[in-house]
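Colleague: Each residue of the sequence shown is one higher than the last, beginning at 1 in this note's numbering.
No lab work stands behind these hints, which were simulated from the structure alone. Hints are not guaranteed to be accurate.
Pairs of lysine to any residue residues, derived as SDA-like cross-links and limited to a Cα-Cα distance of at most 20 Å, are as follows [stated by the list, open to error]: (1) Lys136 - Val176; (2) Lys136 - Gly119; (3) Lys170 - Gln109; (4) Lys170 - Ala150; (5) Lys170 - Arg160; (6) Lys170 - Tyr181; (7) Lys136 - Glu51; (8) Lys170 - Gly184; (9) Lys170 - Val142; (10) Lys170 - Leu144; (11) Lys136 - Ala95; (12) Lys136 - Ser152; (13) Lys136 - Arg83; (14) Lys170 - Glu153; (15) Lys170 - Asp134; (16) Lys170 - Asp156; (17) Lys136 - Tyr181; (18) Lys136 - Arg160; (19) Lys136 - Arg179; (20) Lys136 - Met167.
On a predicted model such as this, the values are computed, not experimentally measured, just so you know.
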Amino acid sequence: MGYDPFYGEAVYSPEDQARIDALRQWDQEQREAAHLAEIEARYEEQVAAEEQYRHDTQSADLMSQVDAVQRQLGRVLTGKELRALAPEIAEQVNAEREPNVYDAIGQIQAEGQSWADLGTRQGRVEHMLNLAEDAKREQAGVDLLGPPAASSEAYDLNDRDDRVAWMTDKMAGADVDGREYRSGSEEAPPEAAMTEGGEA
Numbered sequence: 001m002g003y004d005p006f007y008g009e010a011v012y013s014p015e016d017q018a019r020i021d022a023l024r025q026w027d028q029e030q031r032e033a034a035h036l037a038e039i040e041a042r043y044e045e046q047v048a049a050e051e052q053y054r055h056d057t058q059s060a061d062l063m064s065q066v067d068a069v070q071r072q073l074g075r076v077l078t079g080k081e082l083r084a085l086a087p088e089i090a091e092q093v094n095a096e097r098e099p100n101v102y103d104a105i106g107q108i109q110a111e112g113q114s115w116a117d118l119g120t121r122q123g124r125v126e127h128m129l130n131l132a133e134d135a136k137r138e139q140a141g142v143d144l145l146g147p148p149a150a151s152s153e154a155y156d157l158n159d160r161d162d163r164v165a166w167m168t169d170k171m172a173g174a175d176v177d178g179r180e181y182r183s184g185s186e187e188a189p190p191e192a193a194m195t196e197g198g199e200a
């Protein structure tokens with residue numbers, strides 16, 4: 001590096017000047033990249049905030065619709081009915097339609113699925129059984145929208161009643177894996193059943 005006495009500035013060799021220019025270019029690129037990253041981060045935050053707002057708004061609207069349906073029916077919707085609504089609502093959302101509980105109920109009825117009618121004896125009995133199942137779920141700490149709780153800690157597949165209960169629970173979606181065993185065989189019952197019933 002030299003010094004220009006006329007202009008009072010440093011004079012660099014071509015090699016040093018090339019290095020300085022490259023460094024300045026690199027610094028500029030880093031600044032631009034950081035600025036771009038900041039813009040992208042702000043955009044992603046905005047999109048996430050808008051998506052959360054949309055989700056919260058839809059959730060509040062759904063709850064409002066459910067409340068309106070319950071007022072019209074004069075009763076609460078059971079867990080079974082809410083679980084029937086869930087996939088219909090999800091299908092509406094996936095199709096980018098605004099969730100509509102009334103449309104979902106109409107689709108359920110059009111598909112011939114059971115919807116308790118308290119105007120009939122069968123409907124009242126079904127409703128009471130569903131309420132009893134909901135109470136059982138709440139007592140067991142099971143989410144009303146999740147799969148039902150297993151009716152037993154263990155199922156003896158050599159026992160007819162246990163086999164029926166195991167199959168019924170399995171078809172209903174309950175978690176029965178690992179709860180089955182066969183009495184009189186080397187297969188031991190699940191530990192939970194042994195603890196509950198004492199010695200196996």
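Colleague: Could you run down the list of hints and mark each one as holding or not?
Modeller: Going down the list of hints, with the structure as the test:
1. Distance restraint check for Lys136 and Val176: the Cα-Cα separation of roughly 17 Å lies within the 20 Å cut-off, and the hinted pair is therefore satisfied.
2. Of the supplied pair hints, the one linking Lys136 and Gly119 is violated, its CA atoms being roughly 25 Å apart against a limit of 20 Å.
3. Taking the CA atoms of Lys170 and Gln109, the gap is near 25 Å; set against the 20 Å cutoff, the hint is violated.
4. Restraint check for Lys170 and Ala150: the C-alpha separation of about 8 Å stays at or below 20 Å, so the hint holds.
5. A distance of roughly 15 Å separates the Cα atoms of Lys170 and Arg160; the hinted pair therefore holds under the 20 Å criterion.
6. Taken as a hint, the Lys170 and Tyr181 pair is honoured in the structure, with Cα atoms around 15 Å apart against an allowance of 20 Å.
7. For the hint pairing Lys136 with Glu51, the CA-to-CA distance comes to about 35 Å; that exceeds 20 Å, so the pair is violated.
8. Distance hint between Lys170 and Gly184 is unfulfilled; the C-alpha atoms sit about 23 Å from each other, more than 20 Å.
9. Pair hint Lys170 plus Val142 holds up; C-alpha atoms about 16 Å apart against a cutoff of 20 Å.
10. Straight-line distance between C-alpha atoms of Lys170 and Leu144 comes to about 17 Å, which keeps the hinted pair within the 20 Å bound.
11. Of the supplied pair hints, the one linking Lys136 and Ala95 is violated, its CA atoms being roughly 35 Å apart against a limit of 20 Å.
12. For the given pair, Lys136 sits about 12 Å from Ser152 by alpha-carbon distance, which is consistent with the 20 Å threshold.
13. With a C-alpha separation of about 16 Å, the suggested pair Lys136 and Arg83 falls inside the 20 Å cut-off, and the hint holds.
14. Restraint check for Lys170 and Glu153: satisfied, since their Cα atoms lie roughly 13 Å apart, inside the 20 Å limit.
15. With a C-alpha separation of about 18 Å, the suggested pair Lys170 and Asp134 falls inside the 20 Å cut-off, and the hint holds.
16. About 14 Å separates the Cα atoms of Lys170 and Asp156, which keeps this hinted pair within 20 Å; it holds.
17. Of the supplied pair hints, the one linking Lys136 and Tyr181 is violated, its CA atoms being roughly 24 Å apart against a limit of 20 Å.
18. For the given pair, Lys136 sits about 24 Å from Arg160 by alpha-carbon distance, which is inconsistent with the 20 Å threshold.
19. As the CA atoms of Lys136 and Arg179 are separated by approximately 19 Å, the hinted pair is consistent with the 20 Å bound.
20. About 19 Å separates the Cα atoms of Lys136 and Met167, which keeps this hinted pair within 20 Å; it holds.
In this structure, the earlier hints numbered 2, 3, 7, 8, 11, 17 and 18 are contradicted, and the remaining ones agree with it.
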